[in-house]
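Visitor: Protein chains in written order, with the working numbering: chain A, 1 to 142; chain G, 1 to 142; chain W, 1 to 142; chain D, 1 to 142.
Honestly, I wouldn't trust all of these hints.
Identical copies go unnamed one by one, so any copy, or any two together, can satisfy a pair.
Here are the simulated SDA-like cross-link-like pairs (lysine to any residue), alpha carbons at most 25 Å apart as the crow flies [stated by the list, open to error]: (1) LYS135 x ASN54; (2) LYS116 x ASP69; (3) LYS116 x GLN132; (4) LYS116 x ARG66.
By construction, these hints were calculated from the structure, which means they are not laboratory data.
4 protein chains.
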Amino acid sequence: MASEQNTEQQPFSWPVRIYYEDTDAGGVVYHSNYLKFFERARTEMLRSCGINQNTLLEDNVAFVVRHMDIDFIRGARLDDELTVQTTISQLGRATIIFCQELVNSDNTVLCRASVKVGCVNLTVMRPISIPQHIKAEILRDR
Amino acid sequence: MASEQNTEQQPFSWPVRIYYEDTDAGGVVYHSNYLKFFERARTEMLRSCGINQNTLLEDNVAFVVRHMDIDFIRGARLDDELTVQTTISQLGRATIIFCQELVNSDNTVLCRASVKVGCVNLTVMRPISIPQHIKAEILRDR
Amino acid sequence: MASEQNTEQQPFSWPVRIYYEDTDAGGVVYHSNYLKFFERARTEMLRSCGINQNTLLEDNVAFVVRHMDIDFIRGARLDDELTVQTTISQLGRATIIFCQELVNSDNTVLCRASVKVGCVNLTVMRPISIPQHIKAEILRDR
Amino acid sequence: MASEQNTEQQPFSWPVRIYYEDTDAGGVVYHSNYLKFFERARTEMLRSCGINQNTLLEDNVAFVVRHMDIDFIRGARLDDELTVQTTISQLGRATIIFCQELVNSDNTVLCRASVKVGCVNLTVMRPISIPQHIKAEILRDR
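Chain A with its partners taken away, still in its complex shape:
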């Protein structure tokens, strides 16, 4: 099955508040923590489609990040109230590509990432096709 493109979908929005735990001595968010915010948003987007990662995990299935391309544009600060905007740019046989942006209330983009995740069987640590019911749930929601 060919990958599917959809540029018309509404982005999925998920709020992020910045706490001390996220910042570093430079006074802004430590760079690797943006990846956590993006992962929370992908998790919640999947949950909104009825996909529960804990249920997958009990079957030894997980989505793992294969590739990320990230622009760190502007540092977020303590107490900032931000939003992660997430869209799916490609849904393939075994991988999903997400486009994600962390924006502030002015819609200024602080961080932007393209994230390729793959479906994996954790027992043997091998890539597997995305289960059909998961693809169906993602497609129904777009």
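Let chain A serve as the given structure and place chains G, W and D on it in line with the hints.
Guide: For chains G, W and D alone, coordinates are given in the frame of chain A:
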């Protein structure tokens, strides 16, 4: 079997360097990160006794922290070269109590903790007795 | 000024969702991450009293954790929806003691902590009295 | 000034040990933590050139990550002993591009990243040229 006390043992020393990842916007180490330094030191102390946590994990056994009492005395800063000093203050049937101090090169204590860990079967998440060979390895090294 | 006790206050509730970032290879939340959940809840409790830590930080003032006594009772798992319940058990001249519990939907306590925080001038890293307007805001809300 | 290329330099090696703090419930290292390993290695590479980030920070100067392109090839596991290999692929007026690989003892690459960092004045959060003495120290070591 009664718990065993030993106040004469030499502390086990493990170096810690402070990186940006450890600090927060207050300019010092974020408080929960001291717990990571202590855990690294306990891991290395056990490793020095020939106890490999990954091997335990493959048998679904892990040491989990049950209780901590921590004094955060003085904030560590970026680039600081510190040392964790660890002793075992009590070795019980199912638990170990570690005394740990994070000190700088002047031997000033920055953080001090008493840490009680218990042995757990991860499959059923139940406490179990510490395996005899592990107790033997710890006792031999004291 | 004597410390003030108030046992009748309603706990402040703050929700926590468990993500992959919070867990470890044992399948449950890594112990130091509970401290982050507690800190988020203290921050939100103060925010609900009108106290913004970023504003304090701009004046080089911060609340820092001085002492914690923590019981790790039961491991939280991926996707768990939990609540931190926070009360102030003591409001002193320069310190606040918080009592915090992380509970699940059955009101089972997974983790419990007593947390003493002190007010600090970050420029000189010295303890200072809690500013009067902050004490007033905390007391008004109890 | 044109950027400078040097493909003959020896990579700078920095060891990484995997602890519980680094892993997640999937049994492997949580993806954002690889960025911490890479940052430790860049810090140590700069330190080996005589560049101390804490000294820079006291002058309100920091290197911040602008862009990363990362391949997560194979998950690292608890207790793994790994090495980060770092080279500088480009030294520009205001930016440095690092090539970094996390390898195991078989020299298998687990994670690979291209990391662009920029020099920033933290007071005004503006890009600045890399101080000349820092460029000189980096070039001398290649």
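Visitor: Would you mind marking each hint as holding or not holding in the structure?
Guide: To see whether the hints hold, each was checked on the structure:
1. In this assembly of identical chains, the alpha carbons of LYS135 and ASN54 lie at most 25 Å apart only when taken from the same copy (17 Å versus 35 Å across copies).
2. When the C-alpha separation of LYS116 and ASP69 is checked against a cutoff of 25 Å, the pair qualifies both within a copy, at 9 Å, and between copies, at 12 Å.
3. Only within a single protomer do LYS116 and GLN132 lie at most 25 Å apart by alpha-carbon distance; the minimum there is 19 Å, versus 39 Å between protomers.
4. Taking the shortest Cα distances, LYS116 and ARG66 sit within 25 Å of each other both inside one copy (6 Å) and across copies (20 Å).
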